[in-house]
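Novice: Chains as they are written, first to last, in the working numbering: chain B, 5 to 667; chain W, 332 to 612; chain F, 22 to 485.
Be aware that one or more of the hints could be misleading.
[Claimed, not checked] Pair by pair, the computed Cβ-Cβ distance ranges are:
no., chain 1, residue 1, chain 2, residue 2, range
1, W, Leu-377, F, Val-425, 32 to 42 angstroms
2, B, Val-634, W, Leu-398, 31 to 41 angstroms
3, W, Val-392, B, Val-149, 40 to 50 angstroms
4, B, Leu-36, W, Leu-527, 45 to 55 angstroms
5, F, Ile-166, W, Leu-398, 56 to 66 angstroms
[As the list claims (entries may be wrong)] From the derived model, a few chain W residues whose C-beta atoms are all more than 10 angstroms from chain B:
no., residue
6, Ile-351
7, Phe-361
8, Tyr-379
9, Thr-418
10, Leu-443
11, Ala-560
12, Ala-565
13, Leu-609
Hints were generated in silico from the structure; no laboratory data involved.
Cβ coordinates follow ideal geometry from the N, Cα and C atoms, glycine included.
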Amino acid sequence: MDATVKPAHLTHEEHAPAQPGLLSHPTAKTGLMGWLTTVDHKKIGFLYGFFALIFFLVGGFEALLIRTQLMVPNNDFMTAQMYNTMFTMHGTTMIFLAVMPLSAAFFNFIMPLQIGARDVAFPRLNAFSLWTFVAGAIILNLGWVGPIFGIEGQNAPDAGWYGYSPLTSKTFSPGHSVDYWIMGLQLLGVASIAASLNFIVTIINMRAPGMTMMRLPVFTWMTLFTAFLIVLSFPFITIALVEVMMDRNFGTSFFEVSGGGMPILWQHLFWVFGHPEVYILILPAMGIISEILPTFSRKPLFGYPIVVFSGASIGFLGFAVWSHHMFTTGMGTVATAAFALATMAIAVPTGVKIFNWIGTLWGGHLMMRTPMMFALGFVWMFMIGGFSGIMHSAAPADAQQNDSYFVIAHFHYVLIGGSIFALLAGIHYWFPLMFGRKVSEFWGKLSFWVIFIGFNVTFFPMHFLGLNGMPRRTFTYDPNLGWDTANFIATMGSYVLGLGMTIYFVVLAYTFYKGEKVKKDYWDGRTLEWSLDNPPPEYNFKVIPTVHDRDAWWYEKHHKEEIAKEQAEHAKAEDEHGGIHMPFGSIWPFVASFGLLIMAVGVTFFAAKTTPGIGPKLALSLIGGVVTFVGIYFWSLEGNEGYHLHLDKDGKVIEDDQHKAKH
Amino acid sequence: MSSHAGTIDHHHDPSTSTGIPNKKLLMWTFLASDCMFFGALISTHLIYRLHPPAGGLDPKVIFSPELTSFSTFILLMSSLMMALAVTAIQKGNVKSCRWSLLTTIFFGMIFLGCQVYEFDHFVHDKKMTLANSLLGTTFYTLTGTHGCHVAIGVLWLGLMYVRSFKVAGDTGWFGQQLMHVVTLLVALLGSLKVTLGLVHALQVEPTYGAAIGAFFGHEFIYIALTLLAYGLLAFYFARPRGHVQFNEVNAIDVESMGLYWHFVDIVWIVIFTAVYLLEYL
Amino acid sequence: MQKPSLTLRAFGDIAHQTFSFPNDHMPTLPKTLARCSRAALALAGLLLLTGCEKLNFWRMDGHQSTIVVDGPVAREQLNLFIITCWVSLVIFVLVGAVLAYATFKFRARSEDDEHAEPPPQGHGNPFVELGLIAASVLALVFIAIPTLKGIWNTYDVPEAERKDAYEVTATGFQWWFKFEYKNAAGKETETASLDAQGGKAPLITANELVIPAGRAIRIHLRTFDVIHSFWVPKLGGKVDMIPNRANIIYLKADKPGYFWGQCAEYCGDSHAVMRFRVVALDKKEFAEWLDQQAQTGRTVAAAASTPAAPNAQFAALRTFRENETGTTAAFDKSPLEAWRAKQNPEPGEDAALIAKGREVFAAKNCGTCHAVRGHGAGGVTAPDLTHFGSRTTLAGGLLENNDVQLRRWIHNPLAVKPGNKMHFGVGAMPGYVKKNTEGPGYSRNITLTSDDEVALVAYLQSLK
């Protein structure tokens with residue numbers, strides 16, 4: 005990433021008076037301060053990806069521990085409570101700290117490039133989202149301090165990733181485990197909503213000339229839908245978590261049966277968020293696949309409008325099917341039937357996508373490279389996951405499958421075979437663009453096959469386990485129920501999967517430092533990001549491109565003269581308007597997020613029964629609030645200031661003093 | 332937002348694809364999200380209204396619709412003032428904009444004052460607390476969340492008011508502004524405290540004379556502090572210091588804030604209907 | 022061996038073709054992959070041959086199978102599942118075949134081929150797309166109709182059988198089930214003798230639900246702590262027990278049998294070991310059982326017993342590994358017979374020991390939580406033990422009910438069920454330990470000597 009910065013070529017022509025003391029603009033582009041103050045969407049995307057991969061490995065390690073416990077019946081590898089903690093943290097980590105931020109990494113890095121923008125609409129808000137995500141991740145994992153250092157009565161969250169009330173109440177979870185979970189998710193929610201607002205504005209408002217909505221790359225479309233889903237669904241879990249927090253700390257009765265509360269309400273509020281969340285995890289993956297398949301088939305996406313509209317209808321219907329997670333809660337016949345039919349309806353747009361992907365392959369020229377292997381693996385695995393999903397929509401059959409290992413198999417096929425495969429494909433696909441290096445084909449494919457085989461050996465037997473009556477979230481099982489063999493195979497498979505992931509990431513780390521350097525547009529891409537040098541410069545586009553076709557870069561490659569003429573004109577026009585506007589870096593988003601972290605720590609420990617009382621914690625929360633306020637205040641004082649870069653005659657970005665006078 | 336020659340078209344921003352300014356679009360999207368926050372809270376309240384626990388409190392006994400109607404009206408009027416502030420700044424009339432902002436803040440504070448009074452009244456006289464009943468649980472959480480929105484709005488309005496005094500090229504302006512913000516907060520919170528003190532005195536003491544006497548006795552320091560803050564605001568901070576850097580270009584900032592304020596107002600109409608009026612149908 | 026090797030070679034060839042386009046980095050890749058896939062297939066074959074006995078998991082015929090079922094509700098759910106399976110399979114094969122064909126047919130054969138002139142840049146075909154949408158909607162109709170039928174058929178007892186339905190109330194606790202019976206008509210609460218003076222109490226049992234076979238059962242599901250879920254896979258799908266919510270489940274057993282059940286909603290530390298059994302009996306046997314259960318707890322008179330030598334198995338306390346299984350293969354052979362055997366008094370009862378056990382039970386205040394009707398124990402927060410000796414399981418369906426396992430349980434319940442209330446107590450009531458009034462932590466409340474344990478085991482087993 006550091007290579008993106010070429011200080012020699014920058015013109016620090018500030019178009020604002022120098023600010024004294026606190027308000028001076030950070031200029032560091034490298035080192036710790038460079039990272040903390042960056043507002044560059046590519047650096048922020050890189051950081052999102054970096055943290056997400058760390059948590060992906062943590063979550064994967066937790067999964068291996070879970071599988072080790074279940075390898076043989078009546079195992080005593082870990083205690084019941086530790087097991088319960090593991091599956092809770094595995095689920096929460098994978099969803100909120102691995103898949104979502106990894107998607108966000110691509111949103112940040114790729115989406116502005118795809119629409120021909122120089123950055124997102126609100127670069128500092130983007131930095132704020134990143135650091136708030138990190139703060140949330142810290143709070144969520146704070147609970148590990150208890151078990152790791154052997155502190156009595158302190159534990160990481162252990163109420164399941166959907167924390168069904170009243171298990172999360174003070175009565176049944178007296179320690180702080182649930183408090184970490186609540187405050188961690190709250191901060192992650194703030195981060196996700198802030199980031200999504202930014203993406204929505206960026207996509208709607210920052211498109212290059214000619215980039216009409218129906219010319220947006222599909223990945224960008226899916227980013228838009230995902231952002232809308234986040235913006236509209238996260239408030240429900242935020243409110244639900246506020247209600248649980250109030251129940252735990254201030255004696256309210258939202259879900260307290262003794263005060264007349266109804267625990268079922270938690271399930272509704274949670275799944276009104278939780279089901280759109282499922283599409284928040286899978287729509288970006290579908291977007292990535294819709295980029296990779298056309299590129300490696302060397303032809304446009306089949307039925308682009310239908311793929312886009314199916315994405316929209318998935319997002320829309322996603323809000324109308326939440327109760328299919330609750331078929332066994334005794335909703336009554338009519339409600340059950342309605343949600344069953346709505347769930348079946350959502351299978352149609354999903355199926356349409358698969359048809360269109362196959363249509364894209366048809367008549368193409370398939371380059372069987374690593375990203376393509378992962379993408380094809382995605383299509384196969386997602387199909388299987390989709391079909392077991394349809395089986396769940398048949399509510400009476402679901403009464404047997406719900407909360408059994410059949411469900412575990414289903415959603416791992418959708419989330420690993422789906423989301424993770426697509427994200428791994430995306431890493432390979434965009435790696436040459438992001439870092440200018442490429443992953444070895446041999447090692448890439450080897451990791452694919454080991455992951456593919458390991459994944460199927462792990463999760464396919466779970467279908468049988470579920471149908472044979474094994475409930476999920478059980479730390480032990482008896483040998484007389486016929487579950488031994490499938491569990492043993494699944495555990496062995498999980499080790500193979502772990503090995504595959506290890507190969508994948510070791511190779512990735514090696515490539516990051518030592519991989520073969522490649523030239524621009526390595527895959528013969530179709531969308532605008534491939535028109536950039538790799539790695540892309542800080543300002544992205546020397547000249548904002550004009551878009552003439554859906555596959556904008558493909559068109560440019562085949563209409564070189566026309567484009568060159570056009571770009572020269574644009575360059576001239578832009579220079580006359582002051583050149584390339586670059587925003588200053590800023591530390592204030594980081595400060596605001598840091599304040600939120602302090603505040604969340606205070607709230608987490610509000611109701612500690614032991615010393616000290618509520619006073620110091622309240623003070624801590626208030627200090628955090630003040631820090632956040634100060635951060636946002638200074639941030640707002642900075643205004644939208646920045647500096648300008650200019651192009652010289654050879655089209656190089658250089659320092660050019662004569663422009664300084666203009667502003 | 333570079334300064335272009337001529338008048339600014341406030342309905343079209345040529346630098347964006349759609350012509351809608353980014354800040355406005357951000358605010359609209361945020362408000363869509365905020366709708367869902369209130370949606371979840373209002374649904375919680377209505378669900379428990381349909382499934383009340385045995386022996387729950389009767390909202391009709393607790394609510395005082397007259398006071399709430401009054402504060403609702405005040406909040407509506409504040410929206411009118413907010414709209415006037417936006418129009419004023421779009422025309423470049425900073426002075427008019429400041430007065431409209433101040434009136435909006437004033438009305439917002441009256442609303443908050445009514446809510447503080449109402450909460451205090453419900454807790455102490457009607458014996459409904461956050462923890463002792465499901466009605467209290469949902470009522471305080473919902474209206475309290477709305478109150479927080481109003482409070483944040485008032486704070487934002489105040490900051491914008493102070494911002495309107497920023498003098499171009501003044502490097503010492505930052506410290507000045509901080510003091511200005513603090514003084515404004517003291518004036519607002521002081522007024523709230525003093526007014527509630529007066530209301531309390533009138534309710535407790537038998538005669539007006541005794542009430543006024545007790546009021547001055549109890550609240551002397553607050554009254555003095557508040558008056559001092561108002562004096563500073565009027566005669567020190569509001570003094571012209573040079574060419575102010577606040578004009579049509581900032582209309583979008585005021586307009587985004589206005590969107591937020593109108594939204595908070597509309598949400599209150601919904602809450603007023605769903606929580607209060609529904610009980611009297 | 023001839024045939025498999027042929028297949029292997031064919032597979033290797035396909036693998037060879039699939040991955041064999043030369044690439045800057047991977048001239049050896051196709052060979053390696055082909056070799057790997059051959060080895061993997063050979064290994065799989067070997068496993069299948071040698072481990073046939075073990076690799077039986079696809080038969081899915083365990084005690085909690087949803088595929089080999091014993092009741093009409095489970096059968097309806099199974100049939101619906103099979104329909105969804107077939108529809109999915111047909112679509113999967115069709116779509117998969119096209120996908121596989123497209124992948125093979127249109128792949129680039131070499132690196133030069135990769136960089137050849139791009140194919141025609143077609144954007145799609147609306148007729149194909151709309152046709153496929155219509156086809157998927159049609160396929161879903163095949164699933165939707167039986168689904169709707171199934172929802173109405175399985176939600177509650179069918180109209181025709183409603184009058185005759187037998188009603189039970191099941192309540193979930195952390196981590197066991199309580200069953201409260203209705204009377205023979207199945208509507209009013211069944212009453213049972215409370216004491217010799219003719220007092221009455223509701224008929225309550227725990228962890229083993231006995232039902233009449235061939236008769237529709239409507240179970241009212243309740244819970245007062247957290248959410249549980251009532252699941253007997255062979256009889257039907259699960260329905261959750263949710264606080265402040267009145268749910269019901271409709272089940273029916275075709276014929277007499279012994280069924281395994283388990284809590285299916287995560288409910289805290291010991292969720293995995295919150296299990297129960299359902300015993301279905303024919304009409305006569307069920308009536309007999311109901312009569313027996315309505316009696317007060319059995320008292321073994323000194324004269325009636327013929328004390329034999331002290332039971333050998335009490336000589337030493339076996340130590341158990343954490344989570345060690347509490348079941349035996351012998352029991353699984355004919356569980357219903359094993360259940361019937363438990364209904365009769367054990368041979369060689371020692372009246373003196375049983376009497377001592379009863380004293381220990383009273384002295385250690387077991388009766389504040391447990392009830393033994395007629396023995397002065399009236400607790401309601403723990404399983405009713407009036408006829409404990411007639412059950413086949415203990416500790417919430419986890420352990421087989423015999424002397425060894427019972428002693429394992431009462432010796433240290435925490436080692437069997439993490440977090441359980443017999444150890445920690447419920448609310449203000451202490452268990453084996455009690456909350457320190459000052460400071461955190463617990464201190465010992467009940468201490469049982471080795472003799473106490475032996476006596477308690479004898480007493481509890483005598484409660485037939």
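Novice: Would you mind marking each hint as holding or not holding in the structure?
Specialist: Structure-based check of all given hints:
no. : hint                                      : in the structure
1   : W:Leu-377 / F:Val-425: 32 to 42 angstroms : violated, 57 angstroms
2   : B:Val-634 / W:Leu-398: 31 to 41 angstroms : holds, 36 angstroms
3   : W:Val-392 / B:Val-149: 40 to 50 angstroms : holds, 49 angstroms
4   : B:Leu-36 / W:Leu-527: 45 to 55 angstroms  : holds, 49 angstroms
5   : F:Ile-166 / W:Leu-398: 56 to 66 angstroms : holds, 57 angstroms
6   : Ile-351                                   : violated, 7 angstroms
7   : Phe-361                                   : violated, 6 angstroms
8   : Tyr-379                                   : violated, 7 angstroms
9   : Thr-418                                   : holds, 23 angstroms
10  : Leu-443                                   : holds, 18 angstroms
11  : Ala-560                                   : holds, 20 angstroms
12  : Ala-565                                   : holds, 24 angstroms
13  : Leu-609                                   : holds, 19 angstroms
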